[in-house]
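S.K.: Sequence:
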Amino acid sequence: MVCVNHRDREAVAQCSECGAYICAECAQKSEPLKSVCGTLCPSCYRDKITQTRDYYSGQRKKKLASAIVSLICYVSGWIFAAAIPGMVFTVIGIVLMGIYPAIAWFRFAGKSIDDYDAKHGATYVVTDSGVHRDRAVWLRVVFFFAGLIFGIFITPINIIRWFISAAKNKKTAKMYEAELASL
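Note that the UniProt record's numbering has the sequence shown beginning at 1, numbered continuously upward.
Keep in mind that a hint or two might mislead.
[Stated by the list, open to error] Derived lysine-lysine pairs resembling DSS-like cross-links, with alpha carbons at most 30 Å apart: (1) K34 with K61; (2) K61 with K48; (3) K168 with K62; (4) K29 with K111; (5) K111 with K168; (6) K62 with K174; (7) K48 with K171; (8) K171 with K62; (9) K170 with K29; (10) K170 with K62; (11) K48 with K170; (12) K61 with K170; (13) K48 with K34; (14) K34 with K171; (15) K48 with K29; (16) K168 with K29; (17) K34 with K174; (18) K119 with K34; (19) K61 with K168; (20) K48 with K62; (21) K34 with K111; (22) K170 with K34; (23) K29 with K174; (24) K119 with K171; (25) K29 with K119; (26) K111 with K61; (27) K61 with K171; (28) K48 with K174.
Simulated from the structure, these hints should not be mistaken for laboratory data.
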């Protein structure tokens, strides 16, 4: 067996992704990912690095979007609650400050219910009007209001966390970009 990239060299390993035979020099190039992915040929190694770079770039964009939306909601909430007189505007401001975590918690409750239904089967409720599927609306509402209340306190911490995480993801993506450039 010979190396897929160097026809004059004997193959010493096989790529764990595509099965191509590779020489010691080609196997050495994928050493940083060997513990995670096994030995990779240069082509598969390049693909893995590209996928990882794209993943971190996408995560960075999501974190920045979350931080910006939360910041806008929180600041506008403070403006409504503190700057504009009146009980209605105070309530609107409080809701705006916690709306992003409230929506996230509501979605989490829905996902948890769907996962439970998939694992254990759907739950049905028998009432006077018939048999109905229990969608646990009350649980979703409880999670929404809990997220709304805790969101007032959690949102500033999350905004800071998301900006820090976005900066780390940018640094990691640049590191993988440099690795790709060196290949």
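S.K.: With a cut-off of 30 Å on the C-alpha distance, tell me whether K168 and K62 pass.
M.R.: Judged against 30 Å, a Cα distance of about 13 Å means the pair holds.
S.K.: Are K34 and K174 close enough, with their CA atoms no more than 30 Å apart?
M.R.: holds, 21 Å
S.K.: Taking 30 Å as the top limit, are the C-alpha atoms of K48 and K62 close enough?
M.R.: holds, 21 Å
S.K.: Quickly compare the C-alpha distance for K29 and K111 to 30 Å and report which way the hint goes.
M.R.: Between K29 and K111 the Cα gap is close to 41 Å, so the pair fails against 30 Å, i.e. violated.
S.K.: Quickly compare the C-alpha distance for K48 and K174 to 30 Å and report which way the hint goes.
M.R.: Status holds; Cα separation ~15 Å.
S.K.: Are the Cα positions of K48 and K34 separated by 30 Å at most?
M.R.: Measuring from Cα to Cα gives roughly 12 Å; hence the hint holds.
S.K.: Quick one, are K119 and K171 close enough, alpha carbons at most 30 Å?
M.R.: violated, 39 Å
S.K.: CA of K34 to CA of K61, is that 30 Å or under?
M.R.: With Cα atoms ~29 Å apart, K34 and K61 stay inside 30 Å; holds.
S.K.: Does the structure keep K48 and K171 at a Cα separation of 30 Å or less?
M.R.: holds, 18 Å
S.K.: So if I understand the rule, the pair passes when the alpha-carbon distance is 30 Å or less; does K61 with K48 pass?
M.R.: Between K61 and K48 the Cα gap is close to 20 Å, so the pair holds against 30 Å.
S.K.: Is K111 within 30 Å of K61, Cα to Cα?
M.R.: holds, 23 Å
S.K.: Sort out whether K171 lies within 30 Å of K61, counting only the CA atoms.
M.R.: It holds: about 13 Å lies between the C-alpha atoms, which stays within 30 Å.
Against the hints set out earlier in the document, violations occur for numbers 4, 18, 21, 24, 25.
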